[in-house]
Structures are given as C-alpha cells and as structure tokens.
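*Asks:* The working numbering applies: residue 30 is where the sequence shown begins, and numbers increase by one.
There's no promise every hint is true.
Unchecked claim - Quick list of the computed label-pair ranges, beta carbon to beta carbon:
#	residue 1	residue 2	range
1	Ala-214	Lys-127	38 to 46 Å
2	Asp-188	Ala-254	19 to 27 Å
3	Ser-113	Ala-245	34 to 42 Å
4	Ala-128	Asp-168	34 to 42 Å
5	Ala-245	Thr-219	16 to 24 Å
6	Asp-230	Gly-151	28 to 36 Å
7	Trp-98	Ala-125	14 to 22 Å
8	Ala-122	Ala-245	23 to 31 Å
9	Ala-125	Glu-243	15 to 23 Å
10	Gly-225	Glu-172	35 to 43 Å
Source of the hints: derived by calculation from the structure; they are not laboratory data. The beta-carbon is built from N, C-alpha and C at its ideal position, and this holds for glycine as well.
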Amino acid sequence: MTLLRTVPSALALGAVAVFAAGCAATPGAAAPTSSGAPSDTATPPYADAVNEVEVAWLDGGRAFAVLTWGSSSCAPVLGDVASSDRGVRVTLAASAEKACTDDLVPRALMVPVPDGVDVTRGVEVEVVHGERTESADLDALAEAPQGQTEYTPSAGWFDDEGIVLLTWGSSSCPPIVNDVQSTDAGAAVTFQDVDGVCTMDLAPRVTPILLPQEAADGAFELTLAGGGLDGTVAVHS
Numbered sequence: 030m031t032l033l034r035t036v037p038s039a040l041a042l043g044a045v046a047v048f049a050a051g052c053a054a055t056p057g058a059a060a061p062t063s064s065g066a067p068s069d070t071a072t073p074p075y076a077d078a079v080n081e082v083e084v085a086w087l088d089g090g091r092a093f094a095v096l097t098w099g100s101s102s103c104a105p106v107l108g109d110v111a112s113s114d115r116g117v118r119v120t121l122a123a124s125a126e127k128a129c130t131d132d133l134v135p136r137a138l139m140v141p142v143p144d145g146v147d148v149t150r151g152v153e154v155e156v157v158h159g160e161r162t163e164s165a166d167l168d169a170l171a172e173a174p175q176g177q178t179e180y181t182p183s184a185g186w187f188d189d190e191g192i193v194l195l196t197w198g199s200s201s202c203p204p205i206v207n208d209v210q211s212t213d214a215g216a217a218v219t220f221q222d223v224d225g226v227c228t229m230d231l232a233p234r235v236t237p238i239l240l241p242q243e244a245a246d247g248a249f250e251l252t253l254a255g256g257g258l259d260g261t262v263a264v265h266s
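Kindly produce the complete structure, drawing on both the sequences and the hints.
*Replies:* Next up, the structure:
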C-alpha cells in the first residue's frame, strides 16, 4: 500500500503543513456548516431519522467509526464510551442545532477503543441514541495495534457501497468530497480545495464516502486528490 504519511509518530506539528495547506492560525474559526436550507418545521430528535447504525474499524484497530443516517447539519455528538461484557457501549448525544436540513446522509463519529477490549475477537458495539439502542458488529482483527497512532489515513467499509475515511488535520476544515469515480478494485476521490482560514490544531476527521457502484470482493484502494489529501489508502475489509 502506498500511503501518504501525514505526521511523524512522535510529533504532530509536521502534519499541520500538509493538512492545513492554505490555512492560517485562527483558533476562533468556526467549523463549516451544510449549505442546505434549514427546514421550516421544528427540529425532530435526530434519532428519529436514523434508519440503522453501522460500524467500521479505523487506525489499525485503535478506533472505529459509528455511522448514523440523518440530517447533515444535525449530526449527533459522541457521549460516553465504555467497555461492556460483549464489546463496547457507545452513547450518542443530540446535536445542539435548533434547525436541520432535510437531507439524509451518513454521519460518522470516531470512537476510541476502550482499554481491555480484545480487537482480535469479534466486537459487538452497542449504540445508545435517544431512546433507541442498536447493535452492530466489528469483525475480529488479525492482530492488535501496537503503540500510539502514527497519524496516517485509514479507511474501512461500513456497507457494500460505503467507506469511512479517517484523516488528520484542522478540525475546522474537514475534507469535503467533490467527486467519486470507482471501479471494482478502487475509487478515485476528489476533495474540494481549502478556501479560507483553518484552525491550526491536529484532529481526526472522519468522512463517509458513498460509491457509485458496489465493489467486487477483494482488495480495494482509495486514491485521494485535492484538499491536501493526495495519496492512496487501502480500505480495511
């Protein structure tokens, strides 16, 4: 796998120049919001818009993504995370937004794996959102991750036509997918170029990517371009 290394394992500062290209040190900058118009009706509980919960391994098993479906402007936020008898219990909190766009998109959150969870065995993830509780399974990994994150991009499947991508960079300038072209063995993903100023922090950004066609079984690779994310990433099966 050819992979763009975004930061040395010991130092995070080197990654800022890669991922925050075109960004300035503006700690007070606000995160971008959806361009869709808010709905005229009162905001329903976000859990009511969720059809199902999906999960996917990230960062070699140090973390996983939880994906829900609903309004792009009212994504849930991560609450409590704890190990359980069967795996991991994750609680999601409602968005603080008062009005929501009426689109239906996958929203992804990165969840660190709690200490004591054996990722080399199948892990059941119990997700509590509002009054609903749903479960999803993570397949066993061949080996447990060693050491701290190396701040490199990683990706995993959350369904047959959906991938979640983890990158590292400014929290106020998350990657925005502009175009996806796929084949059976891979997909070329183009991102919007950064236009404006970004905070100079180093944060995990999780980006759901919907493929235009179902991928065939076997190795699959993302080729990233634009938005400071040029490189290739193998998708964990």
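*Asks:* Determine for every hint whether it applies to the structure shown.
*Replies:* Status of each hint after checking the structure:
1. Ala-214 / Lys-127: 38 to 46 Å: Distance hint for Ala-214, Lys-127 holds at roughly 44 Å.
2. Asp-188 / Ala-254: 19 to 27 Å: Given about 24 Å between the Cβ atoms, the range holds.
3. Ser-113 / Ala-245: 34 to 42 Å: 35 Å, holds
4. Ala-128 / Asp-168: 34 to 42 Å: 38 Å, holds
5. Ala-245 / Thr-219: 16 to 24 Å: This hint holds: roughly 22 Å between Cβ atoms.
6. Asp-230 / Gly-151: 28 to 36 Å: 35 Å, holds
7. Trp-98 / Ala-125: 14 to 22 Å: Distance hint for Trp-98, Ala-125 holds at roughly 19 Å.
8. Ala-122 / Ala-245: 23 to 31 Å: 38 Å Cβ-Cβ, so the 23 to 31 Å window is violated.
9. Ala-125 / Glu-243: 15 to 23 Å: Roughly 36 Å apart at Cβ, these two residues miss the hinted range, so it is violated.
10. Gly-225 / Glu-172: 35 to 43 Å: 41 Å, holds
Violated hints for the displayed structure, listed by number in ascending order: 8, 9.
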